[in-house]
Every structure is written in structure tokens, then in C-alpha cells.
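Residue numbers (our numbering), protein chains in the order written: chain A, 393 to 759; chain U, 102 to 233.
Just so you know, these hints were derived from the structure itself, not from any lab. Note that the Cβ used here is the ideal one computed from N, Cα and C, for glycine as well. Worth double-checking, as some hints may not be accurate.
[As the list claims (entries may be wrong)] Computed cross-link-like contacts, DSS-like style, restricted to lysine-lysine with a CA-CA straight-line distance of at most 27 Å:
(1) 209(U) x 228(U)
(2) 159(U) x 209(U)
(3) 416(A) x 661(A)
(4) 743(A) x 475(A)
(5) 228(U) x 159(U)
(6) 228(U) x 743(A)
(7) 661(A) x 743(A)
(8) 228(U) x 416(A)
(9) 159(U) x 743(A)
[As the list claims (entries may be wrong)] Pair by pair, the computed Cβ-Cβ distance ranges are:
(10) 231(U) x 583(A): 25 to 33 Å
(11) 174(U) x 732(A): 30 to 38 Å
(12) 141(U) x 726(A): 47 to 55 Å
(13) 171(U) x 702(A): 42 to 50 Å
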Amino acid sequence: MSSTAPSLLRRTPLYECHVAAGAKLVDFAGWEMPIQYEGVLEEHMAVRETCGIFDVSHMGQIETSGADALALLQRLLSNDVAKIAPGGGGGGGGGAQYSVLCREDGGVLDDLFTYRLDSDRYLTVTNASNHVRDLAWFAAHALELPDVQVEDRIEDWAMLAVQGPLAREMVQAISDSPLPVRMTAETRRLAGRETLVCGSGYTGEDGVELLCAPEDAPALWDDIVRRGAVPAGLGARDTLRLEACFHLYGNDLSVERGPIEAGLGWCCKEDTGFIGSEAVREARLSEPAQRLVAFAIDGPGIARQGNPIVGGGEVTSGTYSPCLRTGIGLAYVPSQSAEVGTELEVDVRGKMRPAVVKDKPLYRKGS
Amino acid sequence: MAQASYPEDLLYHPEHDWARIDESDPEHATLGITWYAQDALGEVVFFDPPAVGTALTKDASYAEVESVKAVSDVVAPLSGTIVEANEALADNPAMINEDPYGEGWLVKVRLSDPSEREALLDAASYKGTLAG
């Protein structure tokens, strides 16, 4: 891994900011990304207690527009895209929605956030590792409809996540008007730079995600850091999302797994007839063999991805929880072992570690 | 410890472990991981001290240190038997980061073949392996 020539890795517009902040950079899905700056624990707690800022410019964007944009997204995305509200005020924007992209057999191709930019214009954010495949899937199905355009916008947007109890306040201070509420996205001028501000995130904290022109990203980053946001890397992003029990594609989701067993039935609306809806409907009616559960290790030890569950199943994400100060994770277990309170045993490199199935999320504010 | 440091009085194994042998007692050694190892690993959040009496084989793993991100094997720089483990690390594993050559020591061993030390590196040679 360390032998990969740096020149082969893509860099985000914020690369110089990361180097200046003393980041440790790693190869993540072909991008040279900061895994940490000062330390994962410190960055994690900054997001929980004050505010952290993440570069998520490696994530991809697909813009879908035209009179049939809604029809295409309804066909591709598992959620009811018609429910994404158009913007209320001027300046464009609208609601936001989480969904999965399924194959015909219900296998999950990606999990995505979609923002409504205008009455017939939507922006879908993809995982870096899936962007090319998602784009091909969108483009192929767009051919089935007369009036829809699918565009790759990954080169046009830099993306920052500002997360934590003080995040809104810090971004508000440089905004020309009040920030959009949770799960909506609207255009604002932040310190004079046009930015799509989205009331979303993947940390379990309040905050915003900012999409801006790549050339504006370093100044925007510096502005928010100067106001006290702590640069946070992919290491903290992983511990934060896992405490909040948010899925990570490639760990907890794959084409081998369907949304029902993954616990994502809530974002599947089979009546819309999306690709894979028949398989999802069937899975919903029959108990799946395994279900994804959240667990905490009872005692010492940290389970990791790939560790077997005694009696069947496997850990798909495992880490140390800085807030709970114990090993936590997500695991597929036999459905009869999926009930909260069930005691599990995880084979952590030959040591049997007791664990308990927990309510999701594993960490909640004030708990 | 924020700055890289490789004390002159220690012996080093290329897998980023150190051994301290007091010349008045060449049958025993204290072992730990180097500044480079703890820095690469990041904040250590878990260390399970191995049991006293555990046999160590030079170049083989005898324990694990875990950071938030990953688990790493700790390789024995010398062969022997554990006579004491640093139990304080079970509650305060961050000491491995803060003081890797002092309070962050891992185990003390009775050496089964004290001549094995000839194969270890001095501080300058070890630093040379890091430069590449």
C-alpha cells in the first residue's frame, strides 16, 4: 500500500490545506486523503463537543435533470423521490433524501444522498469507490426515457462536511442568510462564495455539508477553521458514523446483501417500482437469514471487520468507540440472534470476546 | 512524545521494537515498541498484557497493540520467557504513545539466548532503516 506512487493518487482541491495542517495521508479509493491530523480521538471528540471539518471532496456527484429526471430517479433509487420537496424560497434548492441503489436482485450497488436543486434538477452524492459504476448505471437507464440528462459533476464540486454542536453557528457567521434546515439544501453565499449548503451529515451530530467550486474550497476551509472548526480525518469519520450506526458501503453494504437484511427497509418504498423493488418486497415478507445488528464488546477487546461471530455471522465494521470507551461494531448475525440484548461471542483473532446486541444508534446525545 | 526519538542505550529490531539490557544483568531485557511504531499506529486504545510465563521467540509476534484504526502485532526482538508484564497499560494504554521507552514498556523477559542481541541494531542503524 505504502509503495503506491503518489502521482497515481487523485488529490482534492484541499490537499495543500491537509499538508499544512500536518495530516497523515493515505490511499482511500484511489484518493490521497487525510486519515488523521492530531489524532482520531481528539478529532472525534471535537465533533461531538464543538465542531469538526472534513474534506469529503472524494465523494462523487451525479446531476440528473430534465422533464423525466424524477421518473429516472424513481426508477433507480429505493426511496420515494417524489417526496423530496422543492425549495420554498428563491435561490433554488429543496429537500434531501437518503436511499440505496439496487440491482434487479435487490443487491445494493451504493447508498446515496440526493438533493433537489430545482423543480427538475437533482444532485446525487455517491461513494468514491462506486462513482464510476453508479454513473454508468444512471447513464444506461437514462436511455430508457426521452427527456433526461445525466451528468458527471465530480470535477465541478468540492465537498466539505462541517459537523458538531457548534457547526451551524460557525457557518452561519459567514453566510448571507439563514442556513437551510435539516435535510434541505439551498444555495448561499459564504464569505462571498456561492455554496450549496445541505443540512446533512454522517456523524450523528447536527451540521452542514457544503458543496462549492473547487477553486473556492481552500479559502472556505481556512475561514471555517479560523472560526474554531477542528480538521478531522477519515479515521474520526469512521468512528463517528459507527457510533451513529450509519452504514459504510464496502463494509456493511455490498451487492451480496439486500437493504432489508441491512436494516435499510425504512428507505425502500417498493410501490414506486424501483429496480430491485420486487426482490426487496419479497425479502420484507420473509424473514432474512441474517440481519445487521449493532453490538458492543462486553469487556476488553476490539472486534474488527471480518471477525467471525460464534454460531454464524460476521463483523462488517468494528472499532473502538471514543465516547463509549469500548469496542463496538456492526455485524450480520442469524436473525434469531438479532434481538437487542442477545449475547454474542466474537472470535477476535482467536480470542472469544463476549458482546451484546445493542439498540441503534450506539451513541446518542446525552447518553 | 511529539518528536521522534531513538535512545542510544537501546537495541532495536527492524520490526520497530526495542530491547533494554542492563549490562549488570545480561540475562534479562525490557521490551517495547519504538517511537516510529507508536506514531505509525496512532493513539493506542487497547493493550492486553500477555501472561507471565509466556514464551517469546525472536522475530515472532507475542502481543498486540491496537489503535482506533487497526491492530498491530508486536514482534519479539529476542527469545525468552515473560517475567513481568506492564499491567498498568491495561488501564492506560496511551502511555505507549506518551512515553514509549519509559512508562510505556510492554514486558520484561528472561532471555533464553542472550547472544541473540548480536543480531539487533544500534540506534543509528535502526534510524537508517527508517530513512528509506
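Results of checking the hints against the structure:
no., hint, verdict
1, 209(U) x 228(U), "holds (24 Å)"
2, 159(U) x 209(U), "holds (14 Å)"
3, 416(A) x 661(A), "violated (41 Å)"
4, 743(A) x 475(A), "violated (48 Å)"
5, 228(U) x 159(U), "holds (21 Å)"
6, 228(U) x 743(A), "violated (35 Å)"
7, 661(A) x 743(A), "violated (42 Å)"
8, 228(U) x 416(A), "holds (20 Å)"
9, 159(U) x 743(A), "holds (23 Å)"
10, 231(U) x 583(A): 25 to 33 Å, "violated (42 Å)"
11, 174(U) x 732(A): 30 to 38 Å, "holds (35 Å)"
12, 141(U) x 726(A): 47 to 55 Å, "violated (38 Å)"
13, 171(U) x 702(A): 42 to 50 Å, "violated (23 Å)"
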